[in-house]
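K.L.:
Using the hints, position chain Z against chain E.
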Amino acid sequence: MAVIPQIALQVFRESVRDKVLYNLVLFAVMLIAASYLIGQLTAGQDVKIIKDLGLGATQVFGLFIAVFIGIGLVSKEVERRSIYSLLAKPVRRYELVLGKYAGLVLTLAVNIAVMAVALYAVLGYMAWVETEEFRQSWEAPATDPAMLLAIFLIFAQLMLVTAIALFFSTFLGPILSAMLTFGLIVVGHFNADLRNFENVVDSRAAAYLAKVLYYVLPNLAPFDVKAEVVHAQPVSLGYVALTTGYAVTYIGALLLAAMFIFARRDFK
Amino acid sequence: MPRYAIRLQELTKDFPVGFWRPRPVRALDGVSLEVEPGEVLGFLGPNGAGKTTTLKLLMQLIYPTSGRAEILGRPAGDVEARRRLGYLPEQPYFYDNLTAEELLVYFGRLFGLSAHDARSRAATLLDRVGLGAARRWQLRKYSKGMLQRVGIAQALVNDPEVLFLDEPMSGLDPVGRRDTRELIRALKHEGRTVFFSSHILSDAEALCSRVAILVKGRLVATGRLADLAFEILGWELIVTGTDDGILTVLGLDAVTTVADGRFVINLPVDRPPDQLLPELGRHGLRVVSLTPRHESLEEFFMRLVEHPQETAS
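Keeping their order, the protein sequence lines are chains E and Z.
Residue numbering for the first sequence follows this note's numbering, starting at 1 and increasing by one per position.
Residue numbering for the second sequence follows this note's numbering, starting at 1 and increasing by one per position.
Each hint can be trusted.
Far from chain Z, by Cβ distances over 12 Å, these chain E residues were calculated:
hint, residue
1, Ala33
2, Ile38
3, Ile49
4, Gly56
5, Ala113
6, Tyr120
7, Phe134
8, Pro141
9, Phe152
10, Phe182
11, Phe190
12, Arg195
13, Pro222
14, Val248
15, Gly252
Here are some, though not all, of the chain Z residues that point toward chain E, as calculated from beta-carbon distances under 8 Å:
hint, residue
16, Met59
17, Leu61
18, Arg82
19, Tyr87
20, Tyr93
21, Tyr95
22, Phe107
23, Leu110
24, Gly112
Only pairs whose alpha carbons sit at most 25 Å apart, straight line, appear in this in silico BS3-like list of lysine-lysine:
hint, chain 1, residue 1, chain 2, residue 2
25, Z, Lys144, E, Lys268
26, E, Lys19, Z, Lys141
27, Z, Lys144, E, Lys76
28, Z, Lys141, E, Lys76
29, Z, Lys216, E, Lys268
30, E, Lys76, E, Lys19
31, E, Lys76, E, Lys268
32, Z, Lys144, E, Lys19
If you're looking for bench data, these hints aren't it; they were derived computationally from the structure.
These numbers come from a predicted model, not from an experiment.
Glycine is no exception: its CB is placed at the ideal position from the N, C-alpha and C atoms.
The following block holds chain E by itself, in its conformation from the complex (with noise of 0.2 Å):
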């Protein structure tokens, strides 16, 4: 288990090396800045549009970071078959698996947090600019410190999505791993739909099948809490608390399986 650690400083050591992070941690910054001016042509609504663009492109650029550096984590080391003198060291292909899970988690983090100080900048920079009488117009102030539990909910998700990119890229190639990633994503921020699928449809076969579905596949909606947070509503610590617990126990069976496929691989 030492070398976990070890392999997680790797990861982070690899990625923030690497250009593809840049552009999107640079291209996320400078659209939570420019929600900024956005702002400006929206008398009365400025900050409710720089707290919604902001928060949006945290996750969405946060995806992005997931799934590209998330794949990249095993199967490039696979397909570039630098894995063949990693795995001569003494290291367990699980510890492998969990050491590339908690690098990348790392990253996400630090990007995460280099993302939420952009937007508590811009919007601080706003509260700064703007007359206490126009503050008061505000639903909720600027720098509202509920926009972290929105945040920690963002990278609640992300980490599940790692675990699913990671999965994918444990037995397919990186293509085929991000084209799965991408399909889960969009599934799952609809997957409420498949819920409600027996009001739709007659056939219970199928209704069934939605069923099995919705419990099956990851339910990524929950997580986005967006819009609560920017029109001042109310988000319970315990329906956080409940998110990130379905978080962990579907990560937890998403690296089981990881683990469990990658110990049994050939590496032709």
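P.N.:
Structure of chain Z alone, referenced to chain E:
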């Protein structure tokens, strides 16, 4: 101390081939082999013979269909065995964004070295493989030959007792080949066991105490190279300092002219160079190089199949 550094017992590996109806194709067929501690074994065979498959089984990058592989008395893949071995994969590739030094430090840390020890080990090894000056370059800037040298350095990071080198000479220029040969010789002197694969006979001639020859997944011969009776087909002699008139006087026909008054002479097997060399000297010719032309491993194998009694095993 186990009796054998490396031991293969009836090692067999099938790969499924075909997309719709995969069928097993035997890549390695019942290979049994023992390597004693301190031995340098050349694992020879033509391309596609199963050399890399054997090495991957020893590293447990793939799992055997049947049979066993042991390293230092422990089953292949055992973490304790891996602490004491080094492995250079064929055409090694590492992480583009890391420098050679960072790579070696990373691998050293995986063996439990402290950060300080790993750094000093990395510096020593990179100097040893001639990359001291390039150690802060990102690996993306490395040539194929330099990556091969990094590959050798990373295989030595844990000061291993047993080394597995898959085609250590491939992709190297003549200087690199010479350096690698020197390195393998030095490793042998340090008492390490070296198991290296190659499809080039001359590599084995220069280095090995013993060879094992693999053809189409089967071990066809093991023993000292001298005992294996490779047939010499002739010699290639390169000389300089004359015009081709004198060569005609000496009765040498198969001559190719290279630039700068150099000639390549293909000596047939019935004209051994021992007699010819003094004559060349008398005519003011200088020998640039003399290389025996052996039958290839494939030819050796074909002869082995057709006339098994001619070769030792």
